[in-house]
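*Asks:* Using my numbering, the first residue of the sequence shown is number 1, and each one after it goes up by one.
It cannot be assumed that every hint is accurate.
[What the hints assert, rightly or not] Ranges between beta-carbon positions, derived for each pair:
1) Q59 x A328: 27 to 33 angstroms
2) S58 x E331: 20 to 26 angstroms
3) K296 x I330: 37 to 43 angstroms
[Unchecked claim] Using 30 angstroms as the maximum straight-line C-alpha spacing, the simulated BS3-like pairs for lysine-lysine come out as follows:
4) K278 x K110
5) K279 x K111
6) K294 x K284
It is worth saying that the hints were derived from the structure and are not from the lab.
Cβ atoms here follow ideal geometry from the backbone N, Cα and C, with glycine treated the same way.
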Amino acid sequence: MEFGKIPGAISTGIDILEATQLEDDLSGLRASMSNARLVIDRGEWGRFKNKDLAVLLSQLKDTTYDAEDLLREFDDQVLWHKMEDADRSWAGQLFSSSLNHAKNLICRSKKRIKEAQDKLKKAVADLERALDLLGLTNIDTVQHMPETSSVIGVQVFGRDEERDAVIEKLGVMIGRDDKRDQVIELLGVPLTRGGKGKRSAQCTGATSASGPKRQKGEISRARSILAEAKSIGNVSVLPIVGIGGVGKTTLAQYIYNDPRVEAHFGVRIWICVSDLFKKKNITKKIIESITKGKYKSSDSLDDLQVELMKQLKRRKFLLVLDDIWPIANIEWETFYAPLRHGPEGSMILVTTRFPNVADLVTTRNFGLRGRMLLAARFELSEPE
Numbered sequence: 001m002e003f004g005k006i007p008g009a010i011s012t013g014i015d016i017l018e019a020t021q022l023e024d025d026l027s028g029l030r031a032s033m034s035n036a037r038l039v040i041d042r043g044e045w046g047r048f049k050n051k052d053l054a055v056l057l058s059q060l061k062d063t064t065y066d067a068e069d070l071l072r073e074f075d076d077q078v079l080w081h082k083m084e085d086a087d088r089s090w091a092g093q094l095f096s097s098s099l100n101h102a103k104n105l106i107c108r109s110k111k112r113i114k115e116a117q118d119k120l121k122k123a124v125a126d127l128e129r130a131l132d133l134l135g136l137t138n139i140d141t142v143q144h145m146p147e148t149s150s151v152i153g154v155q156v157f158g159r160d161e162e163r164d165a166v167i168e169k170l171g172v173m174i175g176r177d178d179k180r181d182q183v184i185e186l187l188g189v190p191l192t193r194g195g196k197g198k199r200s201a202q203c204t205g206a207t208s209a210s211g212p213k214r215q216k217g218e219i220s221r222a223r224s225i226l227a228e229a230k231s232i233g234n235v236s237v238l239p240i241v242g243i244g245g246v247g248k249t250t251l252a253q254y255i256y257n258d259p260r261v262e263a264h265f266g267v268r269i270w271i272c273v274s275d276l277f278k279k280k281n282i283t284k285k286i287i288e289s290i291t292k293g294k295y296k297s298s299d300s301l302d303d304l305q306v307e308l309m310k311q312l313k314r315r316k317f318l319l320v321l322d323d324i325w326p327i328a329n330i331e332w333e334t335f336y337a338p339l340r341h342g343p344e345g346s347m348i349l350v351t352t353r354f355p356n357v358a359d360l361v362t363t364r365n366f367g368l369r370g371r372m373l374l375a376a377r378f379e380l381s382e383p384e
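Given only the sequences and the hints, what does the whole structure look like? Please build it.
*Replies:* Following this line, the structure appears as structure tokens:
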């Protein structure tokens, strides 16, 4: 593929101007994507007023996904090149034929980037025109709920049976604290009440008998477990899906910092994802969050995942992945493999505005897939 050879051409130091212009084009595409996401937010609200907006909104989302794929393709090839760079022959890079080939590749790539950006701008313009006709002329007209550190009142709308089905999954033993528990329930993190018999007994022992007995297994054994992790798993994934501005991150922060949740999990990790899903970078951030230090060993995904398994296998963990955008199935499965084999009772909490992401990552059907069945009302606290 064309992109696979571009980073090599760039690294030669030949025709730096061309390479710089290509990077400028990529930066421009990233900027256009940021604007597209704002318009998508408006479109998510606007489609409740006009069903015809759904078509334009879908077109913009598809175009945004295509642009993300293009950027991911380039980024992956840059990483590939860095790994292969040590074996590259400097003598072979100096031939004039290599220079001409590099120019041609960069030229064709610039065309692909421009086409993606043009399509994105057109899709944005089409949806904006439709939104303007509905009176949603700017993002401020959309009634976004403010994300604040103070939640005075929470109103829960939804079916109790569906909500309680989610509440049973985590098994955190707590008493009833109406305001805080409503926030926790709203997020979808299960909270088992006392008196649930068997499930409660399991929870009580979880803090004292955490995880399997410590082993000094070899690297090959760890990699073998990784290979099998596609079909087995102890870790549940709970997706919380809702349109932008509904307060998913604020609620996630509340549950993450709740002392009862802190006591229930041996390890808590918070990772803000956003934009491109870079599994290697995210895995490294998780390791550094656990160890409270900079990870300085091998940067290969294989080694990172083995290290992550070693760090997580003895303590039940809660991992929050905040604001995940659409990703390919293989990207998620590869990232999830070492986490899937964590101690039983561990949980991954995902916040996303995209129902298809929720459908991809969820390990069980909680009845919340496809839409946010619950809503919150936030109010700023008044100074006393």
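*Asks:* Compare the structure with each hint and give your call.
*Replies:* Here is how each hint holds up against the structure:
1. Under the hint 27 to 33 angstroms, the C-beta atoms of Q59 and A328, about 20 angstroms apart, miss the expected range.
2. At roughly 22 angstroms, the beta-carbon separation of S58 and E331 lies within the given 20 to 26 angstroms, and the hint holds.
3. For the hinted restraint 37 to 43 angstroms between K296 and I330, the CB-CB distance of approximately 29 angstroms leaves it violated.
4. Of the pairs offered as hints, the one joining K278 and K110 holds, with about 23 angstroms between alpha carbons and a cut-off of 30 angstroms not exceeded.
5. This hinted pair checks out: K279 and K111 have alpha carbons roughly 28 angstroms apart, not beyond 30 angstroms.
6. For the given pair, K294 sits about 9 angstroms from K284 by alpha-carbon distance, which is consistent with the 30 angstroms threshold.
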